[in-house]
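Q: The chain contents come next:
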Amino acid sequence: MSETATPSFPKHLLDFRDWNRRQVESLLETAQMMQEVLARPVKKVPALTGFTVATVFFEPSTRTRISFELAARRMSADVVSFSGTTSSTVKGETYRDTLRTLDQMGIDAYILRTDAAGVPYQAHSWLHKPVINAGDGWRAHPTQALLDAFTLREKLGSLEGKKIAIVGDILHSRVARSNAELLPMLGATVVACGPAPLLPGSLPGAALTTSLREALYEADAVMVLRLQKERMEKGLLPSLPEYIAAYQVNRERLGWAKPGAPLLHPGPMNRDVELEGTLADSPQSLVERQVANGQAVRMAVLYHVLVGKS
Amino acid sequence: MKGDVLIKNAKLVDGRGVHGTADVLIGEGRILSLSGGEAPTVLDATGMILSPGFFDPHAHLREPGQEVKEDLQSGLTAAARGGYTDIVSMPNTTPVVDNAEIVAALKKKAAQIKQARLHPAAALTQGQEGKVLSEAHQLQAAGAVMLTDDGKTNEDAGVLAQGLLYAASWGLVVSVHAEDAGLRRNGVMNEGSVSFRLGLPGNTGYAESARIARDLEVVRYVRDRLANSVSAQGLLHIQHLSTKRGLELIRQAKQEGLPVTTEVGPHHLTLTDEALNGLNPIYKVAPPLRTQSDVEALIEGLLDGSIDCIGTDHAPHTQDEKELDLLRAPFGIPSLEVCWPLLYTELVEKRGFPLAVLVARFTDGPRRILGFPPLHLEEEAEASLVLWDPHSQRPVEPQTFASKAKFSPWAGWQLKGWPVCTLVEGRRVFALE
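Protein chains in written order, with the UniProt record's numbering: chain A, 1 to 310; chain B, 1 to 433.
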């Protein structure tokens with residue numbers, strides 16, 4: 001997409017394929033304005049009055065859903081929720097039929113979470129309405145990457161030339177994939193690190209290494225991913241104690257990064273597994289800041305997708 | 001210059017080649033000089049050859065749990081008598097060596113025994129069950145140098161792939177007993193004219209080559225998966241190669257640059273399935289003794305480097321076990337104490353196999369596979385050495401073995417090349433009376 005003086009925005013956020021740096025930066029600036037709205041005593045603006053937004057989660061999630069729903073409500077949109085685990089999908093309805101049924105009810109934008117990569121793309125072709133990807137399988141979680149970028153910029157200023165280490169189960173992580181797509185667009189270098197069975201063979205936007213020391217060395221920020229216990233059950237890792245011994249980000253290892261390098265975690269966190277528990281509560285940790293910023297970023301995304309000018 | 005031991009007039013042969021004679025002064029665990037000096041202990045090595053200590057990448061020392069067959073004391077003593085300074089022990093013990101505590105305990109005990117040094121291999125999967133990976137990082141920190149489910153075959157290619165990927169993170173080599181369990185069935189000897197004539201269940205050589213072919217594909221997969229992770233490489237070592245066809249596959253893979261290595265045992269270089277004509281279970285081993293054509297190919301492979309090293313697969317059992325019938329007797333041949341003289345006699349003396357190449361296959365070959373630097377006879381080198389006698393000839397006498405397994409398929413064979421003295425870091429751990 002070409003860059004123009006007044007950037008127009010894609011009417012969807014499936015990943016960052018259709019986004020350029022200028023659009024992303026403009027969106028992050030809008031998020032900054034939303035941050036100011038959220039700091040007011042009355043945290044509500046009329047920007048999306050009359051719009052109806054549906055959160056359609058075919059995979060359970062509490063935090064992301066609440067963050068999106070609050071974001072929509074703070075901009076005066078009406079919000080409906082569909083949860084695949086409690087509604088019609090258990091009766092055997094396909095994703096397509098579920099979404100087209102909802103589409104008959106006058107929804108203006110869909111916020112979609114699925115366990116299968118690509119469903120947001122399929123939904124976009126079925127619905128002809130804005131679709132915001134709230135996580136599709138291992139593939140993409142663009143609003144998480146945006147809130148990570150927002151939080152990093154808040155702390156580090158420009159990301160130009162900054163080294164961001166992402167540590168953990170890279171292979172199965174939509175957070176890692178979206179960050180590897182977004183952060184280099186903003187000038188950062190991404191190094192993704194984990195045990196070899198949890199590293200993809202390649203990852204556009206990121207250098208890969210099995211060496212934690214190499215990944216953390218002189219890093220400007222460290223993002224730690226949640227380790228799913230099912231990785232052990234599937235035979236990809238020996239045990240939790242082994243993972244902790246080899247890959248836990250602890251105080252000593254964080255010393256390999258630049259002094260005071262901020263720590264991020266997309267949550268939910270396994271304390272004392274992927275991250276030494278006390279580090280999560282230390283001044284270096286931006287974990288709570290990420291959650292707070294998530295709402296502002298999602299407000300900005302909804303605004304751009306539905307109203308469409310900056 | 002002063003040292004602890006002076007070995008006078010020894011001919012030097014190491015993995016680089018055959019050198020001249022020298023007076024080797026040893027002190028502080030190192031070679032201080034190749035041109036003599038003073039020492040309280042002087043060994044006249046006239047007519048003898050000094051080589052770097054042998055390194056066995058594959059021995060079964062049976063401890064813990066199977067001490068009736070062998071233990072660290074007997075096994076490491078047998079190793080030192082065979083000219084070995086370093087031994088990799090297989091983890092198929094009772095319990096299986098699959099956690100850091102056992103590895104550390106074995107290392108500690110071996111250090112107290114002060115014979116050959118022990119480098120435990122640990123299980124690739126917990127309990128060698130072929131399901132959940134073992135804790136490679138912690139095993140390595142405790143002293144494990146290799147991961148293997150040897151004693152069992154790796155039937156699940158996915159588990160092997162994940163194991164290779166994981167081991168790659170730590171630079172650990174994974175070794176495999178490459179036989180397809182479905183193809184080998186319950187074979188007790190090589191499947192061929194001899195097994196058909198004797199009416200014994202056979203184990204086809206294709207069980208080995210089929211599994212090697214599969215494993216090479218797994219290595220290719222791991223190589224590609226790791227192509228973009230700068231620090232890691234998945235190293236596969238194929239144990240006890242026994243077939244010409246398996247060798248061809250490995251040779252081809254090496255030409256392609258795959259990170260794969262292999263070893264051959266003394267029995268697969270000197271015996272064939274014809275040995276089973278006597279119906280003696282002493283010759284029952286896995287993989288089985290093959291044919292003369294396989295033997296010839298393996299010797300050729302050892303020469304051209306397609307085979308990296310000699311691994312004894314020293315596999316002691318009790319006399320009673322080996323006197324069971326051919327269907328029930330356990331697989332395995334003990335060989336730590338005869339391996340060097342056997343191959344020196346059969347390959348170098350009788351076939352003109354280059355001596356320095358054979359030395360390299362006992363020293364630098366296994367060292368390289370395990371990530372140890374080469375060991376050559378030069379000043380400052382670690383004084384882990386073997387002095388051996390290329391001239392005097394005597395028969396193999398299993399009853400004199402330090403190993404608890406006092407039987408040998410080579411009993412009575414007249415051999416030359418017997419070790420005279422073995423030193424580990426300058427300390428004499430074996431000296432012929």
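These are calculated hints, taken from the structure and not from any lab test. All residues carry an ideal CB built from backbone N, CA and C; glycine is no exception. Any given hint could turn out to be false.
Unchecked claim - Capping the alpha-carbon separation at 25 angstroms, the derived lysine to aspartate or glutamate pairs in DMTMM-like fashion look like this: (1) A/Lys234 <-> B/Asp224; (2) B/Lys350 <-> B/Glu323; (3) A/Lys234 <-> B/Glu155; (4) B/Lys152 <-> A/Glu233; (5) A/Lys229 <-> B/Asp156; (6) B/Lys131 <-> A/Glu233.
As the list claims (entries may be wrong) - Stretch by stretch, here's where chain A covers chain B in the computed footprint (C-beta under 8 angstroms, at least three residues): (7) 157–171; (8) 288–294.
Q: Hint by hint, note whether the structure agrees.
A: Results for each hint:
The hinted pair formed by A/Lys234 and B/Asp224 meets the criterion: a straight-line CA distance of about 21 angstroms does not exceed 25 angstroms. Simply put, B/Lys350 and B/Glu323 have alpha-carbon atoms about 32 angstroms apart, too far for the 25 angstroms limit, and the pair is violated. Using a Cα cut-off of 25 angstroms, the hinted pair A/Lys234 and B/Glu155 holds, with the two alpha carbons roughly 16 angstroms apart. A threshold of 25 angstroms between alpha carbons decides the hint, and for B/Lys152 with A/Glu233 the separation of about 22 angstroms falls inside it, so the pair holds.
The straight-line distance between the Cα atoms of A/Lys229 and B/Asp156 is roughly 22 angstroms, inside the 25 angstroms bound, and the hint therefore holds. Under the criterion of a C-alpha separation no larger than 25 angstroms, the hint pairing B/Lys131 with A/Glu233 is consistent with the structure, at around 9 angstroms. Only residues whose beta carbon comes within less than 8 angstroms of a beta carbon in chain A count, and the segment 157–171 of chain B has 7; three or more means the coverage holds. A count of 0 residues in the segment 288–294 of chain B with a Cβ less than 8 angstroms from any Cβ of chain A is obtained; the coverage claim is therefore unmet, three being the minimum.
In summary, the numbered hints that this structure violates are 2 and 8.
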